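Trainee: Protein chains in written order, with UniProt numbering: chain A, 1 to 366; chain B, 1 to 130; chain C, 1 to 226; chain D, 1 to 268.
Take these hints with a grain of salt, some might be off.
Said to hold, decoys possible - Listed next, the in silico DSS-like pairs over lysine-lysine satisfying Cα-Cα at most 30 Å (straight line):
| id | chain 1 | residue 1 | chain 2 | residue 2 |
| --- | --- | --- | --- | --- |
| 1 | C | Lys-26 | D | Lys-107 |
| 2 | C | Lys-124 | C | Lys-26 |
| 3 | C | Lys-124 | D | Lys-16 |
| 4 | C | Lys-157 | C | Lys-190 |
| 5 | D | Lys-16 | C | Lys-14 |
No lab work stands behind these hints: they were computed from the structure. Predicted, not measured: the structure shown is a model, and the values here were computed from it.
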Amino acid sequence: MKRMWNVAALGAVIVIGLGTFAFDMRDTKAEWDLAVTTNPEVWKDQTVNLYYNTEEGEKERFEVTIDQSQVTTDLNYIEQALAYDDEVDSSVRDFYRQLSGLSFVQSIQTPDGYIGIGQDGNKEIAVFRLNGQDVTKQIFGTDVNGASELMDSPWAGLFVRAGNVHVIYRDGYGENPVTKIAMIDEGAKQIKIETVKLQDEAISSVTGTSWAFRPYVATIDADNRFIPVSMTEQTSVTEGGETYLSEQEKAGLHAYDVETKQVVELMPDGDMWNATVYEDQLIALQEGGTELVVDLKTGKQSTRQVIDGSVGTTSYVGDQLYHARPTKEGAVIDVYQDGKAISSAVVKATNDEAKALLPSTQFYVE
Amino acid sequence: MIIQFNTRAPVYIQVVDYFKKKMALGELQAGEEMPSRRELATELKINPNTVQKAFKEMEEQQLITTERNRPSRVTTDEHVLKRIRTELVDEAVAVFVESIQELDVTMDELVDKIKRQYGEGNINDRSTGS
Amino acid sequence: MIEVLGVKKRYRKKQVIEEVSFTAQKGEITCLIGLNGTGKSTILKGIMGLTPFDQGTVLVDGKPIDLNRVAFVPDHSTFPIHFTIEQCEAFMRDFYPKFDPKLFARLVDEFKLFPEDKLNELSKGTLAKVNLALGIAQDPDYLLLDEPFSGIDVFSKEQIVELFSSDIMEDRGVLITTHEIEDIEYLVDKAVMLNRGRIVREFDVEDVRFIHGKSIVDVMREEYGA
Amino acid sequence: MNLLKLLGWEVERATKPYLILITLLVVAQFAWLGFFLWSETNMYEEIRRTGTPDYVLTFANYLGGTPFILSIGVAVAAMVFFSFWIWYRDFQGRGTFMMRLLLMPQKRMIVFGAKLVTMMLMILGLFSVQWIALKLQYIAFSSWLDSQMIPVGGSFEQAIRFDGALSPMYPASFVNFLIHQVLIVLVILFIFAFVLIERSLWQRTLWSPIIAILMLGALIAVPVTAFFFLESRLFMDEMMVVVGLGLMGWMSVTVWLSRLYLTKKLSV
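So that you can see chain A by itself, here it is in the shape it has in the complex (with noise of 0.2 Å):
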């Protein structure tokens, strides 16, 4: 038995050191509540995520939904992984394992279904489209001609005409670059590639490409006239005696015309908040809380008042338009659809530990 003292005085000093590690390890305890007031189908399947910052950096995120509030800071490796399992739906991850292998993917999504390109190593260019449950894949081996040049450029985003994707891409890297335009035409096996006329500009994305795996992106019409894209310009700096150039995003909405083969400026400056894709229809929400809408078949704008308050955060999901408005409890967060409320709904902190964080919390619906 005398040799259990060294086992339990092991143990003690274990157990010391786990409260102490216990003590700094503080789980957070806030909860919080989505209570809504009118129109709960909106609120089905949203999401309100909760930023809590603060200077010295320390990080806390929430998702609430009607159902439940939870943390999404820190979570340990199971969590993440029930988290993911949850975000990702089983209906698009056998079409998602079928482009494994590939990188650089990217896709939108139309009315006919997902529709992306990605390229395997520097040996092919893969075409996919997934209509219901069905993947077809086509492939564009360096024999073709413009693969090679398309594998090694990066890629803008995509458009869909005519039934063939278009890639927007960049030619080059650094200095002058020329953006491109490259048609996959899968019925004849070939690669067109245009260059689009710009001046010390370039196509950086195009609005409503997805880069990256996302799950509920916005559709987007095949057959726009009008494709939403971002804009960089370079200019060239001189700074003690030494001259370089500097590649900065432009200010503006920029939309590249398909029929007239250039980049038009739909709106020239103007602090914009937030943009979305949505069908036909490109949706800014400037400041001031005007919709500008814009018909990308036709190009013909127009502007519409939405929001009076100006404080708070807004984001698009879909056509829907969400502004969260921070209030003493939470945030009251009003939806927007065609400039009109179609619902409201209230986040409340529940209990001290959320309150305490009140001050310093931003609200999000994505």
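Since chain A is already given, all that's left is putting chains B, C and D on it; use the hints.
Mentor: Using the frame of chain A, we list chains B, C and D on its own:
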């Protein structure tokens, strides 16, 4: 109690001889208790099984008697004890005669010498085995 | 009865035990004789499962070995050298269910050992006595001893030899290895002679003395030509 | 019960080197903390005299110092070494304690169990000592700098979280902590299996360590190859299940191998 054993002869026979001598010399009286087998083994530093075998041999030669759960005892049969003595004397004389014959000594000389030396007690009475 | 049946053992490229079979009876002292390096220790270790044989079986009273019934006394200490005799005893009491502290105390007394002594302070002879005491106190039916007399002083030898003919060893089967038979010439019931990894003679010692008038050493001389 | 008793013996036998290690670690860390604070204070005074110091110290500066990292490295190395030594120690010299352990009329796996638990207790003990020591070091750190009116930036948690060496010690949740412990157990199991295979073959061939490494190497390489093959074909949650199963497989195989060699093949 020390026995100088000879490695080439069975140990149990040497043990028997040793006890015969003691009996002949009267160091072990008729009817006297024998030492226990275990004691003997420890004292002689030999295997207890060997002692057991020696006791069995002595029982067969009727030198000792053993009753159940009792220490063995030296036999009270005077004939047996006498026979041992005779046996030992005969053996010793035989050895003696054999070695003296080689020296070609006359009987008279021999008897004379024996008488003289025996009278002086100049004899080696080591208790040894053969 | 310990039965060793057709065992073989190879070290590196050397076949140390070609093929060995013999038996050791309960209540008897069996001596495994061989020159140095003929695999005597290997056989004992093999029986105890310390260096498994490559082939063959070992049966104790017809069954696989039960360590509760068979004890092994190697020719060196099996405890860390800084252990005291007391600590060794404590360990044995903890893990050997049949270990008899009274018997051990008696042996400590008879061997005049001091329980508080550390193993690394003991002479070779004393250490051998400690080992033996630890082995016997397991109250085994069979006791295997590896070279219990090699390199120890005369008085320790004498004490150990005395122990073998005492009641403590009564009814136990003993298997002993040695290359110096003189020390235990009169103790042994049966001798098993080993040469070049094989059994060359297996005989009852008294029988050989009686029938052939030969000592164990005589037989050794014949076999090993030494 | 026997396992517990043997654990008592194993821990007792490890106590001395273990206490030396802990003392060494704690003394080294506090000495380094003292030196760090002394030199930083001097430097700060220097800057204060020449101008306005716009310089903020964080606890991470202390943790990032070579002596601290070194002390952690020494602790890790000591534990890896001890995982080998806890077996090889018993094979040392003529007086092999392993012989005594193998002769015990007990299941041989209790020897394995006792040694494994001893290792885990020692490792958890080191974790604990480090947790406590770090807390104390932070208290000493912040109170000294406060008393010297030197601004301290960042919190304890922040310093820990961004330290590569320490973050495994402070996992995000208790479940992760347990999972980390399982990984540590796995490492020990591999070391144990290596020793037992090597010790079973050493009398047969001089190549025993190499054979043992090859066997375990194959045991590691095959699933890892499969892992890389599967990695791009499975979703993260599925991959976690595969990894979980793989870890469990490794654990059972190493225990099984150890058991086989310990009970059937080990040579003393």
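Trainee: Run every hint past the structure and note whether it holds.
Mentor: Quick rundown of the hints versus the structure:
no.: 1; hint: C/Lys-26 with D/Lys-107; result: holds (26 Å)
no.: 2; hint: C/Lys-124 with C/Lys-26; result: holds (29 Å)
no.: 3; hint: C/Lys-124 with D/Lys-16; result: holds (28 Å)
no.: 4; hint: C/Lys-157 with C/Lys-190; result: holds (20 Å)
no.: 5; hint: D/Lys-16 with C/Lys-14; result: violated (41 Å)
The structure fails to meet hint 5 from the earlier list, while all remaining hints are met.
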